[in-house]
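Based on the sequences and whatever the hints tell you, model everything.
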Amino acid sequence: MISYIFRRTLAAIFLLLVVSAVTFAIFFLLPRLVGQTADQLAQQYIGKSPSKADILAVKHNLGLDQPVYVQFWHFIKGIVAGADYNIGPTTVHCDVPCFGYSFKDHVAVWPQLTSRLPITLSLAAGAAVLWLVSGVAIGVISALKPRSLFDRTFMGVALAGVSLPMFFTGNLAILLFVFNWPIFGRDYVPLTQNPEQWANTLFPAWCSLALLYSAIYARLTRSGMLETMNEDFIRTARSKGLGERTVVVKHGLRAALTPIITVFGMDLGLLLGGAVITESVFSLPGIGQYAVQGITDNDLPKILGVTLLAAFFVVVANLVVDVLYAAADPRVRLS
Amino acid sequence: MSDTKKTAEPGEAVIPRQAAAEGDAAERDVLLRVEGLTKHFPIKKGILQRQVGAVKAVDGIDFEVRKGETLGVVGESGCGKSTMGRVITRLQDPTGGSITFEGQDITRLRTGQMRPLRRDIQMIFQDPYGSLNPRHTIGSIVSAPFRLQGVEPEGGVKKEVQRLLELVGLSPEHFNRYPHEFSGGQRQRIGIARALALKPKLVVADEPVSALDVSIQAQVVNLLDDLQQELGLTYVIIAHDLSVVRHVSDRIAVMYLGKIVELADREALYKAPMHPYTKALMSAVPIPDPKRRGQKSERILLRGDVPSPISPPTGCRFHTRCWKATEICKTTEPQLVELIPGQRVACHHPENFADQAPQDTVLLSAAKEAIELVPDAVLEESAEQTATAAPEEPEPAATTEPAPEAKTETPAKTEAETPAKTEAETPAETETPATAEANSPSPEAASVEAPAPGEEPPAK
Amino acid sequence: MTELSKTGVATGEPVAAGKTPEAFLDVRDLKVHFPTDDGLVKSVDGLTFSLDKGKTLAIVGESGSGKSVTSLAIMGLHRLGSRGKNVRMSGEIWLNGKELVNADPDEVRRLRGREMAMIFQDPLSAMHPYYKVGDQIVEAYRTHHKVSRKVARARAVEMLDRVGIPEPGKRVDSYPHEFSGGMRQRAMIAMSLVNNPELLIADEPTTALDVTVQAQILDLIRDLQKEFGSAVVMITHDLGVVAEIADDVLVMYGGRCVERGRADEVFETPQHPYTWGLLGSMPRIDRETSERLIPVKGQPPSLINVPSGCAFHPRCPYADIPKENVTRTVRPELQQVEGGHWSACHLSAEDRTRIWTEEIAPKL
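Chains as they are written, first to last, in the numbering used here: chain F, 1 to 335; chain B, 1 to 460; chain R, 1 to 364.
The set of hints was computed from the structure by calculation and includes no laboratory data. Treat the hints loosely; a few may be bogus.
Using 25 Å as the maximum straight-line C-alpha spacing, the simulated SDA-like pairs for lysine to any residue come out as follows [claimed, not checked]:
1) B:K291 to R:G54
2) R:K297 to B:P307
3) B:K368 to R:D161
4) B:K291 to R:I355
5) F:K250 to R:D106
6) B:K330 to B:V362
7) F:K145 to R:P105
8) R:K150 to F:K59
9) B:K291 to R:S50
10) B:K45 to F:L10
11) B:K44 to F:F6
12) B:K44 to B:P307
13) B:K291 to R:D161
14) B:K291 to R:W356
15) R:K53 to R:G339
16) F:K59 to F:D297
17) F:K250 to F:V133
18) R:K226 to B:K330
19) F:K59 to F:Q40
20) F:K104 to F:Q44
21) F:K145 to R:F34
22) F:K250 to R:D104
Quick look at which bits of chain R chain F covers, simulated, 3 or more residues with Cβ under 8 Å [claimed, not checked]:
23) 117 to 124
24) 138 to 150
Each residue gets a CB set at the ideal place from its N, CA and C atoms; glycine is no exception.
Okay, structure coming up:
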């Protein structure tokens, strides 16, 4: 088991390296390949209406005038060792991990990301708990009584849930529960400050997001449970005289949940990289909104930072899923 | 068989093979020869995925398949019989050894080079559900070989497919139906029709009837039988069911842990098996006769399970479960030797024949435990036969000198109860091979065609 | 159903004293039907048999003959799961004086695993892959015994030892995939026998195993039966296994019993053409090889559109012998041949004897 985790971790680190290389290629190499000059590229790292001197400074700071491998070296070195940028007369130090420096706002990207992370984290975690519990519960009940009224109703709702876009359900939720009947608050408050208000303001966002996902999870759980409940070992469990509840939960659900863990991990990882639309709809200043800001401001370092962070979360989620999977299914540990 | 050949695409090189024709008659009768064949599946471990060992699925086997005969291969799960089947049809690459088909070495042929040979070597699979694509009609499944080989049969593909369907006992109207509309037995017939489409010379069938119901099993067995007589097919039939194998085969190879332990004519093998494993395997088959239940005395129970093919036992692989195992069995691997004509055995202390290592009489401790599961009657009988055969051996004295541990089965009780068995132990040189009837020369033998080894057919 | 449980079935009292059967297991006119979109699947359609303690009954038949459905019906496993609501069951199953078909499901559940236990064909898929073998046995024991985990574990080790698993103290903590096929089936047997059930139903227990392992397992079942004196219902398609282990044989075809009797009778003088077909289809290792097998022609019947009259008539070579097309119109009932030997066939006793002795037996 330990060697398995170790092996997986090494693989994850390798994957992170690959991901950063790809990210680097997208942001630094690709524009040059399609014919942009170093000056033009540098211009994009400053934002709108730069001056000649600014461009020169940025070009030098990012090493855009140097060979590609040197650029990549700087890029990686920045992440693991930090980097210095010369802005005019002053030198700014970008601390480890340096995910880039916004020349427009004159701040390093990383602290910006960390300050926004709790918001995205709150949103994702709350929604995840909601959708996992409701999705799995609905899926299990549907599977136990396939083609029943409950099953048909909830699978219909599930279909609607998947089909409705966030800017519809989200805005509807705001309209109804924040403006029309002001049950929920509007301004985000950190958990540490006021847990009650934290939950209160996030609740509509959680529900809207959970509706989207729980629909998928209900379907996944349903099909998984339907399959599992036809397995021989379920028949064995029943032939031992176990109660139906034990059979369903301990024998059926346990086996059916394993593939759901995988999907769940990946979804959560993706969401942590920024729930762009949800954050926009509910005006939550999280990672996703930061990315949007970067795009609207034409500020490449921000986008680069978010991309790297999102990739990091996905890779880590992948790792966690692998380990969880091995913990759940003893057969995985062998190979 | 030759008409399909003639309609072959011009791009495919088909030249007559002359070299092998000059070989002796016996050699010409051999359709497939396998020598020292091995197939190891590497096991990788650790962070760097280094190879730390190998599953020795097939670990050095020799045999030949003669034209027109049926070679049965039996063994328990994990003995490597299915892997062997896939390797000799080159669906998997062998690790070592050589496979010669009609005198041509096909061991290392690449996929493209194998393609012309795919016509001559076909396979029938066990699972009639998994081996037919559910989205294709029966017509397109059975005609697939024509398409893949670019062969246009006389009278058109559809007509030929319908003829094949009739041949295997289905109706030509089934052409446009889908596999799910058929029962298991019918699907297996479809699989057989597909395998026969290109008039193969060799058909390798891996458990062709084990997924079928008893009454259907008999239908398919009879069908295979009829087709062989009608088309002059050569079969290698791999199965775990000894009764089925006995029914269909002319010669039988018994495999244990990647090795052939005994290879003999059907009659000889079932009348007087020489390898203890063969004997145990046969005694374990339940007989559909309740009256014989009382005679539990015939059953030899083997202890435990087949050892892992990753690290098979040293010496004779069966020594860990054999009731006759002695020191030599642990240290020296017995070779597959033709003890009497038509019966090859790899054993130091064979049954129904003179002991090959009579000086070695001290049983291993595992054998002492194993012997408790062997009925006394079996022991007496075997001791007796060994004794009667012993005088021909150079050191007959050793057998009569009982080791203290081996007291239970000393040949002391030579009061001769069953002289009927003696015909089975006739010494090697005196008898003519019983295999003669299996060697019936097939009509195609003279006009064998084989592709040039170096030539690759054009890509599709 | 509730009506009946109120009248005392739930407490084990018979509904009417006169109806209580003598036999330990008594199945009367059992019907198990499944409504499907294509029609009513009559998996079991009127089955009657009985079995005493210490005896073994083999139910023989091909896939779809209803043999497995019968075993699941005795265990009451049909009513469970998503299909459970649909199944239509009628008839009576008496186990040790208790009627099960109309009993309270919870009452049947309490019997399951304690008084009647089951082993299945494929021990790999029949054991939960995520739980240790020992834990699964412990669970079976603790469902019916209020004991601590420690006591139950000791019992599990004892049972593993009893079924011949080496180092049971260590193997108790293994997962099913770490066992070989034979070991797994032994563990499965240990699990089913942990509560000393009086009825053991074995559904093709050796079909997935090699012959040498099959011999070990049959030996084990026989020994354990002797030791515990339980009744065994062996579901199989292999007449060799039947001959090996059964006292009585019941041959099923198309959801009904076509022949029933003592094993030696059924093998010696089989009375139904289907039984002849089964015997003729089997290659035999104990006889001189016959040139050809004598298969049953055609395909097994559909359980939705069971052929009229005798279900076997489309495949029966002798269907035209009885007069007036009776094989196609009238369903044959079981008729006593002699003693406990029964057969459901329209052929006259003379015809059957003649065909068997003159046409079939010499070719086997």
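Cross-check of the supplied hints:
Restraint check: the Cα-Cα separation between K291 of chain B and G54 of chain R comes to about 19 Å, which is no more than 25 Å; the hinted pair holds. Our distance criterion of 25 Å between C-alpha atoms is broken by K297 of chain R and P307 of chain B, whose separation comes to about 42 Å. Restraint check: the Cα-Cα separation between K368 of chain B and D161 of chain R comes to about 21 Å, which is no more than 25 Å; the hinted pair holds. For the suggested pair K291 of chain B and I355 of chain R, the alpha carbons sit about 22 Å apart, so the restraint of at most 25 Å is met.
Taking the CA atoms of K250 of chain F and D106 of chain R, the gap is near 19 Å; set against the 25 Å cutoff, the hint holds. For the given pair, K330 of chain B sits about 12 Å from V362 of chain B by alpha-carbon distance, which is consistent with the 25 Å threshold. Between K145 of chain F and P105 of chain R the CA atoms are separated by roughly 18 Å; this keeps the pair inside 25 Å, and the hint holds. Restraint check for K150 of chain R and K59 of chain F: not satisfied, since their Cα atoms lie roughly 72 Å apart, outside the 25 Å limit.
With a C-alpha separation of about 23 Å, the suggested pairing of K291 of chain B with S50 of chain R holds against the 25 Å cut-off. Among the hinted pairs, K45 of chain B with L10 of chain F is consistent with the structure: their alpha-carbon atoms are about 15 Å apart, no more than 25 Å. Of the supplied pair hints, the one linking K44 of chain B and F6 of chain F holds, its CA atoms being roughly 16 Å apart against a limit of 25 Å. Note on K44 of chain B and P307 of chain B: the hinted pairing holds, with a Cα-Cα distance of about 20 Å set against a maximum of 25 Å.
Annotation: proposed proximity of K291 of chain B to D161 of chain R is violated, straight-line Cα distance about 32 Å (limit 25 Å). Proximity of K291 of chain B to W356 of chain R is assessed by CA-CA distance (about 19 Å); at most 25 Å being required, the pair is judged to hold. Proximity of K53 of chain R to G339 of chain R is assessed by CA-CA distance (about 20 Å); at most 25 Å being required, the pair is judged to hold. With a CA separation close to 19 Å, the supplied pair K59 of chain F and D297 of chain F stays within the 25 Å bound.
The hinted pair formed by K250 of chain F and V133 of chain F meets the criterion: a straight-line CA distance of about 16 Å does not exceed 25 Å. Proximity of K226 of chain R to K330 of chain B is assessed by CA-CA distance (about 38 Å); at most 25 Å being required, the pair is judged violated. Between K59 of chain F and Q40 of chain F, the direct Cα distance comes to roughly 9 Å. Compliance with the 25 Å bound is thereby established for this hinted pair. Of the pairs offered as hints, the one joining K104 of chain F and Q44 of chain F holds, with about 10 Å between alpha carbons and a cut-off of 25 Å not exceeded.
As the CA atoms of K145 of chain F and F34 of chain R are separated by approximately 17 Å, the hinted pair is consistent with the 25 Å bound. Taking the CA atoms of K250 of chain F and D104 of chain R, the gap is about 24 Å. The hint holds against a cut of 25 Å. For the region 117 to 124 of chain R, the proposed coverage by chain F is satisfied: 4 residues have a C-beta within less than 8 Å of a C-beta in that chain, meeting the threshold of three. Taking a C-beta to C-beta cut-off of 8 Å, the region 138 to 150 of chain R contributes 4 residues in contact with chain F, enough for the three needed, and the coverage statement holds.
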